[in-house]
Every structure is written in structure tokens, then in C-alpha cells.
Amino acid sequence: MPLRHLVLFCLLAFNGVAGCSKDSPQAALEKAVSLLQENLQEKRSSAVLEQLHPQFMAEQQYDRNWAKRTMALLYLRHKQVQVLALGKRSQIDPVYRDKGHTRAEVMLAGAQGLLPDSARQFSVDLEWWLEDGEWRLARIDWE
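Taken in order, the sequence shown gives residues 11 to 153; the numbers are from the working numbering.
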């Protein structure tokens, strides 16, 4: 390997590590988003509920109990659930450092067998609040 390629590789690796250390709020926010997606897809309702802030609200009207009932219905209706993030962007609020925002295009699909029985695409806005060192989902709105 030519020396310039080795130097370039080392610089890129260092920038990747320095820019996204596992302790950075941005990396923790992105990890929370990925964990939420994984928990939904793996049908881990209790883990999803742990990620919700106590003051969670969806569409400015639905609370944690609604989320619990909706997940139960979805999981009973579909043997398999797919949550595909077609594109997502997360960022820490520049003014309120204890708030994070995620904008995503999400495909939600459910299936009894190998092929999906239903699928819908949503534009989703998530607001996360940092509490006790953990990002909790506080608000969600969709189109």
C-alpha cells in the first residue's frame, strides 16, 4: 500500500473516531434512534416503552398508553414487522442541548408470512429529551 494511501486511511479513521466518539451526545442520539427502530422491529414493547419519556405525546394527543395499545395491536396483527428508515437525519438542538431532533422517511410493513400484507410510508418527526444521560422519545408527529 503506498504511503499516501496509508496516511489518508489513518486520517479518515482518526476523523471518524474523533467526530463520533461513543460519548458524544450526537452519537448517543443516533444510537437511541437505531435502538428504537430495532426494538420496534423485534417486537420488544417493554424496551420501546423504556425509551419513551414519561411525558411522551404522539400527534399532540396520544400518550404512552396509546403507544402500548398500538404496539400490541400491531404485533398481534402481524407475525413480522419491518421498520425501514429510507432516510434519516438526527441533530442536537443548537440552543437547547438537552433536546434532539430526528427527521425520517419510514416504511412500516407487516407480514404473516414471507411477503408483506401491508406497508405504509410516513414522514416522521421525533423530538428526544436527554434525561439522566439517556435520550428519551418525548414527541412524535407524522404525515
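It cannot be assumed that every hint is accurate.
Label-pair distances were calculated between CB atoms; the ranges are [said to hold, decoys possible]:
1. Arg113 / Trp76: 17 to 27 Å
2. Leu125 / Pro35: 17 to 27 Å
3. Glu48 / Arg113: 12 to 22 Å
4. Glu69 / Tyr106: 13 to 23 Å
5. Arg74 / Gln51: 17 to 27 Å
6. Asp127 / Pro35: 21 to 31 Å
7. Asp127 / Ala37: 29 to 39 Å
8. Leu125 / Gln101: 32 to 42 Å
9. Glu52 / Pro104: 32 to 42 Å
10. Leu83 / Pro104: 31 to 41 Å
11. Leu125 / Glu52: 44 to 54 Å
12. Gly143 / Gly123: 40 to 50 Å
13. Ser44 / Arg130: 15 to 25 Å
Because the hints were derived from the structure by calculation, they are not lab data. Backbone N, C-alpha and C define an ideal beta-carbon position, used for all residues, glycine too.
Looking only at beta-carbon atoms, does the pair Leu125, Pro35 fall within the given range of 17 to 27 Å? For Leu125 and Pro35 the Cβ distance comes to about 40 Å; the hint is violated.
Holds or violated: the 44 to 54 Å window for the beta-carbon distance between Leu125 and Glu52? Cβ of Leu125 to Cβ of Glu52: about 20 Å, so the range 44 to 54 Å is violated.
40 to 50 Å was suggested as the range; check whether the CB atoms of Gly143 and Gly123 agree with it. Check passed, 41 Å falls within 40 to 50 Å.
Is the hinted range of 17 to 27 Å satisfied by the C-beta distance from Arg74 to Gln51? 20 Å, holds
Hint check for Pro104 and Glu52 - Cβ pair distance inside 32 to 42 Å: 33 Å, holds
That 17 to 27 Å hint for Arg113 and Trp76 (C-beta), does it hold up? This hint holds: roughly 22 Å between Cβ atoms.
Should the hint that Glu69 and Tyr106 are 13 to 23 Å apart at their CB atoms be regarded as holding? 22 Å, holds
Does the Cβ-Cβ separation between Asp127 and Pro35 fall within 21 to 31 Å? 39 Å, violated
Per the hint of 29 to 39 Å, is the separation of the Cβ atoms of Asp127 and Ala37 within bounds? 36 Å, holds
Measuring from beta carbon to beta carbon, are Ser44 and Arg130 in 15 to 25 Å? Cβ of Ser44 to Cβ of Arg130: about 21 Å, so the range 15 to 25 Å holds.
For the range 31 to 41 Å, tell me whether the beta carbons of Leu83 and Pro104 fit it or not. Taking Cβ atoms as reference, Leu83 and Pro104 lie about 38 Å apart, which means the hint holds.
Leu125 versus Gln101 beta-carbon gap, inside 32 to 42 Å or not: 36 Å, holds
In terms of the numbered hints stated before, the structure departs from hints 2, 6, 11, listed from lowest to highest.
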